[in-house]
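**Student:** Okay, here's what each chain looks like letter by letter:
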Amino acid sequence: MKLAKFTLARRVVLLVILGLFFLQLFRSKILIGGLTGSLILHWVNLLDLFAFLESALSSRSFQLEAFYSALPVLIFYLIMGRAFCGWVCPLDLVFRGVNRMKQSSKNLPAWTRGALLAPAGFLIFAALAQIPFFASHVSPITNFYRSISATFFWAGGLPGEISVLSISILILGGFLLLEFLWPRLWCKNLCPTGKTYGLFNRLSFLHVAITGEECRECQECRKACYMGVKILPGNGRTKIRDSSCIICGRCVEACSTQGKILKMRFGR
Amino acid sequence: MRLAEREEFIRPPGALPERQFRATCIGCNVCLNLCHALKFNSLALAGGWRNFGTPYVKDMRDYPCTLCMECPKFCPTHALQPVSIEKVRMGMALIDLSLCLGWNGDVCLSCSKACPLGASIFDFYPGDWGNQPMINEHCKGCGLCVKHCPVGISAIRVLTWKSYDQKKNDYRSGVERVLALNPEKRYAWVYEQNMPKILEAGKVLERETR
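Sequences listed follow chains A and B, in order. Heads up: the first sequence at position 197 corresponds to 197 in the numbering used here, and the numbers run straight through without jumps. Heads up: the second sequence at position 135 corresponds to 135 in the numbering used here, and the numbers run straight through without jumps.
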């Protein structure tokens, strides 16, 4: 069996970041917060782009400092495209675990396919309710980190509310159930965080490139891609610029030409 | 599990006005975890649907805010804004005169010694019954005095500014009344009314955590 080097690298990156976030429970100041908003080395703030948009809309004000927190993220994913989903988001690993329990290729509900349905809906709701509802209440990423912290605080007898802990875990459980019923429905069609980064796929330096080699049309790449990206036939395309592509490299690994046709490439 | 909405929270220092704060805070937990990493553990996450996941200082008896001013410096959305300690307005501490040792014939002053801003916050009413402490409206609401009060359930409580405004007049008139008592009545007030209460409060070991 060929060594799945991208999958291995992805898991290492994901687990290192997750581990650094875990260390904050033991008073490490390397990474503090969660992937929605964080503090690196007690020095620089990072802020998720959709959370920034939502917070700005719901508070109806543009905070320059909040923009400064979002700016490093903006620049990084302008270079890396939607790599956040494939390489950093802990839900990718969690959902993969759920996917393994049940192999299913059920069709996703058609009404969810609108590209802007969920992001626009959440932004409008945030502006009307004046709460950044997705980022603070719904987001599986926020709830993931919140339930870790809240569980730790609860176990240590530190101040906290048991209702916050249980509701966070319930919401997370809801996402696992959704994943069980419709694999990757959330990631493909709904997740506003991922869709925001997906916009950068058109410009990103990091991408999957298609070379001019003869394709055997074995369809292995299509089977390996769980984001439903149309990879081949190429139609003369040389790059995959689909906004669903999370640049995970599974298609590159699966390709029966051993990486002659599909290549991970960094550069314009 | 409590799902009913509360309006009143003691927010971390430098927080925007309540509505604006709620609209800006994304519940990223940076303040919460930073407070934990700095070994203060003052912040908790609020429940209820409008305040879900927003930080507040829950348990001042054990984990008061120490006004280290680190969380407002590093709030990613700037829902907490960096301000100087003098401009912090988290809440307002009120001393319960019927429980306070300083108002009942003892010299205690633990609260004024615990206060990070000391003399600018405390007024004293020296009299036959000792150096009676009183907290003025420069109070930041950090709650360090609550923690260091030696009375079992703490004679001090921190209120939000909103509920302080409602109780202000009653409280002021209560203070005036105690100061105006003649010696016999004051003796009766201390020994018959308050002492049993203070002794009873001394037996309370239960803290506010969770």
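Since the hints were derived computationally from the structure, they do not count as laboratory data. Where is the CB? At the ideal position from N, CA and C, for every residue including glycine. Hints may be right or wrong, so weigh each one.
List of simulated lysine-lysine pairs, BS3-like, C-alpha gap at most 27 angstroms [to be verified]: (1) B:K203 <-> B:K147; (2) A:K239 <-> A:K260; (3) B:K147 <-> B:K185; (4) A:K29 <-> B:K203; (5) A:K29 <-> B:K39; (6) B:K162 <-> B:K185.
Selected chain B positions facing chain A (in silico; Cβ < 7 angstroms) [to be verified]: (7) Q20; (8) A23; (9) C28; (10) L117; (11) M134; (12) S173; (13) G174.
Across the chosen pairs, the derived CB separations fall in these ranges [claimed, not checked]: (14) A:L71 <-> B:P82: 48 to 54 angstroms; (15) A:L25 <-> B:K197: 36 to 42 angstroms; (16) A:T7 <-> B:P82: 52 to 58 angstroms; (17) B:Q20 <-> A:I30: 30 to 36 angstroms; (18) A:E65 <-> B:G118: 53 to 59 angstroms; (19) A:E217 <-> B:Q20: 42 to 48 angstroms; (20) A:W43 <-> B:Y125: 55 to 61 angstroms; (21) A:I169 <-> B:K185: 55 to 61 angstroms; (22) B:G152 <-> A:K102: 38 to 44 angstroms; (23) B:N169 <-> A:E65: 38 to 44 angstroms; (24) A:L41 <-> B:P82: 17 to 23 angstroms; (25) B:N131 <-> A:E65: 40 to 46 angstroms; (26) B:Y125 <-> A:K29: 42 to 48 angstroms; (27) A:W43 <-> B:P116: 32 to 38 angstroms.
**Student:** So, for every hint listed, does it hold in this structure?
**Tutor:** Now for the hints, and whether the structure bears them out:
| no. | hint | result |
| --- | --- | --- |
| 1 | B:K203 <-> B:K147 | holds (16 angstroms) |
| 2 | A:K239 <-> A:K260 | holds (14 angstroms) |
| 3 | B:K147 <-> B:K185 | violated (31 angstroms) |
| 4 | A:K29 <-> B:K203 | violated (40 angstroms) |
| 5 | A:K29 <-> B:K39 | holds (12 angstroms) |
| 6 | B:K162 <-> B:K185 | violated (34 angstroms) |
| 7 | Q20 | holds (6 angstroms) |
| 8 | A23 | holds (4 angstroms) |
| 9 | C28 | holds (3 angstroms) |
| 10 | L117 | violated (23 angstroms) |
| 11 | M134 | violated (28 angstroms) |
| 12 | S173 | violated (34 angstroms) |
| 13 | G174 | violated (30 angstroms) |
| 14 | A:L71 <-> B:P82: 48 to 54 angstroms | violated (18 angstroms) |
| 15 | A:L25 <-> B:K197: 36 to 42 angstroms | holds (41 angstroms) |
| 16 | A:T7 <-> B:P82: 52 to 58 angstroms | violated (43 angstroms) |
| 17 | B:Q20 <-> A:I30: 30 to 36 angstroms | holds (31 angstroms) |
| 18 | A:E65 <-> B:G118: 53 to 59 angstroms | violated (32 angstroms) |
| 19 | A:E217 <-> B:Q20: 42 to 48 angstroms | violated (57 angstroms) |
| 20 | A:W43 <-> B:Y125: 55 to 61 angstroms | violated (47 angstroms) |
| 21 | A:I169 <-> B:K185: 55 to 61 angstroms | holds (57 angstroms) |
| 22 | B:G152 <-> A:K102: 38 to 44 angstroms | violated (56 angstroms) |
| 23 | B:N169 <-> A:E65: 38 to 44 angstroms | holds (39 angstroms) |
| 24 | A:L41 <-> B:P82: 17 to 23 angstroms | holds (18 angstroms) |
| 25 | B:N131 <-> A:E65: 40 to 46 angstroms | holds (44 angstroms) |
| 26 | B:Y125 <-> A:K29: 42 to 48 angstroms | holds (45 angstroms) |
| 27 | A:W43 <-> B:P116: 32 to 38 angstroms | violated (26 angstroms) |
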